[in-house]
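There are 2 protein chains.
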Amino acid sequence: MKDLESLSASQAAHALAKREIKATDLLLACLDRIGQRESAVKAWVSLGKENALARARELDKGAIRGLLHGLPIGVKDLYDTFDLPSSYGSPIYSNHYPATDAVSVALMRQAGGIILGKTVTTEFAAFKSAATSNPHNPLHTPGGSSSGSAAAVADFMVPLATGSQTAGSIIRPASFCGVVGYKPSFGKISVAGVKSLSPIQDTLGCFGRSIGDVALGVAAMSGDHALARIEDLHNKPRIAICKTPDWAIAQKETAAALAVARFAAEAISKGSVGDLKLPTLFDQYSQTQARIMAAEMSRSLTFERLRFPKKISPQLAKQLNDGAAISYEQYTKDLLLNQEAHAAIQLIFCKELDLIIAPSAIGEAPGSKETTGDPIFCRGWTLLGLPCINLNITSGPNGMPVGVQLIAGPGKDHFLLSAARAFARSLSDPVTRDQA
Amino acid sequence: MKDLESLSASQAAHALAKREIKATDLLLACLDRIGQRESAVKAWVSLGKENALARARELDKGAIRGLLHGLPIGVKDLYDTFDLPSSYGSPIYSNHYPATDAVSVALMRQAGGIILGKTVTTEFAAFKSAATSNPHNPLHTPGGSSSGSAAAVADFMVPLATGSQTAGSIIRPASFCGVVGYKPSFGKISVAGVKSLSPIQDTLGCFGRSIGDVALGVAAMSGDHALARIEDLHNKPRIAICKTPDWAIAQKETAAALAVARFAAEAISKGSVGDLKLPTLFDQYSQTQARIMAAEMSRSLTFERLRFPKKISPQLAKQLNDGAAISYEQYTKDLLLNQEAHAAIQLIFCKELDLIIAPSAIGEAPGSKETTGDPIFCRGWTLLGLPCINLNITSGPNGMPVGVQLIAGPGKDHFLLSAARAFARSLSDPVTRDQA
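If you read the sequences in order, they're chains A and B.
Per the working numbering: the first sequence = residues 293 to 728.
Per the working numbering: the second sequence = residues 293 to 728.
In case anyone wonders, no lab produced these hints; they're calculated from the structure.
If you're wondering where the values come from, they're calculated on a predicted model, not measured in any experiment.
It does not matter which identical chain is used: a pair holds within one copy or between any two.
In silico lysine-lysine, BS3-like type, Cα no more than 25 Å apart, as pairs:
1. 310 x 353
2. 625 x 704
3. 625 x 643
4. 353 x 341
5. 420 x 661
6. 661 x 610
7. 569 x 528
Please put together the full structure from these sequences, using the hints given.
Structure follows, in structure tokens:
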């Protein structure tokens, strides 16, 4: 079989489980692709080539280990790995070898996954851009903070890679790179062993090139293996488009993507798809999210702030100082508003809706490497803890990918995957149909 | 001033802030006490004597740093510390030096605390007993898993020490050792950098010898500094005793403690204190907690289970295997029941009550070092995420301390501290009154 690196994670997992392909060959194809493309894309911080090859050979000889048997995986460098340095995008941790894998990494290894290397993260997953380029055009950002994972998957270097989202660090780069990004429900995957930023909303997830891929990844990372068996939709879901209170800054291509999405959504809901106007308490919710994030990050990085102030970038230092200046009283007020918001969205999902479709980003990936783009269209959904999936829909004025996100009610990850697959299948765009 | 080691944390903090005592002298007094007693109590895994002395001298010279200025603190060895080994009670991590402090440790240092050493935890904070003795009688357990912290504070080795609770690991040892133990609301203190067991309920807290002490500790660990200024009760709180569905196994001394507690509660509520019977959905809630904990722990310790199976004790291995055998379907059912339980308890606190008083443990500390006692009377409150404080009330048939726990509604930590101080003051027992 040729072009093994172009198989999606679910295609490859299927072929590996049936022994139709070898883990070693898939790995070598990925390494070959990385060899050709890495100098342009810069997706990787480190590669554990020898360990990965040894593991692939072992897996080819032994029994099928689990859902990820033989799949090469990129791990965002915000995650701890015992056998690869974990620097969290910061010079403070250059050449840092943790003693232990992050829980989700250990679960992926247990499921037969091959940890091929660590992918580029921005500094502590914040907003300062990193070296990675967008594979579709090297002058554009891949988005952040999971920059390397999104780019590596988009560029066929690896079929599956992990991400994390505190504001918009999975959905935004997935949209910019034209891949599927899945941020499951808050708490679905243990965050232990992943650098902590804002504990109330840090969420792990992954990137793939199909809905089945990301289902597989989150199934292994969470231990909820049934997620990998996506069920067909049994009922017509109630769907609405939510442009959110931040709609004024959306660009034309995002409006176009939503228009296409509405069409596909109407096909699966078998009726017209209306617009959801969020209650007024959400008017400033993106700002609430940013304040909570800044306040919690400034506490989470106390050790680094005390001991290595000079090794923190001016951009991050400013964010942390702003966060430290937020009073605990303000933080408590924000948490109370957040509780109300959780209750309000729960009610909406109970009474009115099964699925929300919303922008993933303002528009296509900015044509600059100095920014990772604006996470504003993700902030609220992240703080709400709702499961979200980005799907590629169209392209922008510079030909860069543009996605939308599908959002389900609290804890409804199984339904979200079913709906996303049905949605992807109903899209007329053949590229997007391939994602299903 | 003599006997500095017998000052409570809040007394010492007050004297240190006024420069009435020196951090160096307090530290030397604590080290002296440890020197006399450690061979009998075995509360410590490691001591950072030189670093602590250097830090104390620096603090005595410089400005007042914060709430914990100059206070020597014991840190449970489940917490990461960059300058002291962190072994989580397991031979897998013997001589392991993390790169970073746990977030809560960094916040304590920022507030001027002196990390004196690491205190004994049971293996991964589970149920296999460790070396520590109960300071009141070396043949009795101090409880677990925060064994060393509870014993060190009870024995005047240190005025303040940290703990963590996933089942009953703060409240139970506090009761067994006759000290104040405070488990704040779930999420109040970042758990980052503390070995993760059951992410849905792992909660950090601390031990002291007065309500003011534990308020000070949690104020610094969380960043909610206003917690350290305990306000007087403004209204008469609505209080009930809750014997819980597990009451059948309570011993006589626990019943006696609740009877005394009812008397004190009536004094502060200015009326009769009734009994709360929990809704039937709580009938098996302790078992639900145990299952969720076992299932999550088996995932959280995947790395250790895969790579170091022989370095896990048979007792813990059994618990982890039992946890791994719980289906994700069962786990999901348990999470759903837990959601209902959260809603039910929230309603009770909204409509009927401000404060619950419940047993801290079955009875006094068992007269054995082979067990750490049964956490059953803590399991449910931990999974509910409610703030709890243990206060010493009476003693059992062997003269060992017996406490009760005061429990407030979700997020009501400020109120809990106010109520606990009023409660402690109203107790007729002069020993307990001293805790206020």
